[in-house]
Amino acid sequence: MKKSLLIYLFTILTTGCVAQNKTIPSINWTGEKVKHKLSWALDVGAKTFPAGKTFNVKDYQAINDGKTMCTKQIQNAIDACSLAGGGTVTFEPGNYLTGALFIKKGVNFCIGKGVTLMASTNINDYPEFKTRVAGIEMVWPSAVINVTDQKNAAISGEGRLDCQGKVFWDKYWEMRKEYEKEGLRWIVDYDCKRVRGILISNSSDITLKDIHIMRTGFWAVQVLYSSYCTINGVNVNNNIGGHGPSTDGLDIDSSKRILIENCDIDCNDDNICLKSGRDADGLRVNRPTEYIVVRNCTTRKGAGLITCGSETSGSIRNILAYNMNACGTTSALRIKSAMNRGGTVENIYMTDVKADSVGSVLAVDLNWNPSYSYSTLPEKYVGKEIPEHWKTMLTQVVPAEKGYPHFKNVYFWNVKAKNSKQFITAIGWNKKLRLENFYLNNIKADVGNAGKITFTNNFNLRNIRLKVADKSKIELKENINLKSNIQYE
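Mapping of the sequence shown onto mature numbering (1 follows the signal peptide of the UniProt record, and there is no 0): residues -19 to -1, 1 to 470, in sequence order.
Hints are computed from structural coordinates only; laboratory data are not their basis. A few of these clues could be false.
Computed cross-link-like contacts, DSS-like style, restricted to lysine-lysine with a CA-CA straight-line distance of at most 30 Å [to be verified]:
1. K18 / K383
2. K448 / K425
3. K425 / K397
Bear in mind that the values here come from a model prediction, so they are computed numbers and not experimental data.
Could you build the full structure based on these sequences and the hints that come with them?
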């Protein structure tokens, strides 16, 4: 059996396979005789799916008028289902107002077609507990739907989770104005507590399938400290009724063996994002995100079709993405960190990408967004009592070199881009800290500006065809062993 699986994987990765009527072309990732071990790509995603009796929330007195709070009634149905050995929790069509819900072992929480869960806008309906948010462990409100410390559970159905998050968006923008005046831009994202859509934490064999998530107060889906999870056919739309800050689509955070497929993400920050902690706290936890497959997904508005970082402290490695579409997304592939994050981003494989009206085809930066990335306590607060999470954010990385991030072994192939603002920004730090071993091959792009590549070692540009509106060429500075085969049209 093991031998046949390996043969199947070999076929997928070398001769092509059919996935949703698309194929993976045969890839020689470096253009050289170098073997890449991608056998891990077969071993991702949930291994089990809940089965058993059906429990309808109507039988637990949940009312579908969108006005009556149903948290307790829905939770009672979930608990009963799990205690019975597992099964499916269902709803009659209609709208259900709820606070935080906690999915238990063996439960398929099915939000069926015609059903909308409407999240309470009262933050007190979301009990606080210790979790990780934006790279640090701290006390934060629970999500609308939580899967914590569980195995074999699912959230499914073609219904909607409307998080009604605008109240939290407005709260953040008002706080941001005041915090920036005080020199506190670096901490406002942590002080302004907002509600996530779905949290999967410290769990395994969890499936999210076909649900529609709207207007999340913070990240839509966070998979934290978990393994063997599948996110399939999930639709995220956080661009309804305003500009939601930090409304990421899917965040895979210090987790492994995750499969993401057939998703459609429209948000106001990173669309599909891989994270592993930030700064001293992330280095303390030191848990990587690794062995991730992303395929057959579309992103729309948002900061990155695939983003690695900026939380890189635990490292991000062994990522395979293919058959991807970016429509109006800021970047097709984005890798970012800061000089106090640490960690290594490596072995990133991305192929068969179509990009339309993106900001940049490839964006790589070791020193991203300094006003957010670096923490300095204003003088007026020195000597005063400050919150614990402020202390966490102010903890220095010692020695400083431990905080330097490293990006290497990135393979970006078979890309077609049109109406894009820029082709590439790839910036290392200095002569001692360079971007290493990047391979870009078979890319055709229609862009406004060519961009720049600085402080790299072994950066490879092969079979690149660029049509550049401003007639610029890629600015090349301080690069070692750069190989370039670019045709400007």
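Hint by hint, here is what the structure shows:
no.	hint	result
1	K18 / K383	holds (28 Å)
2	K448 / K425	holds (8 Å)
3	K425 / K397	holds (5 Å)
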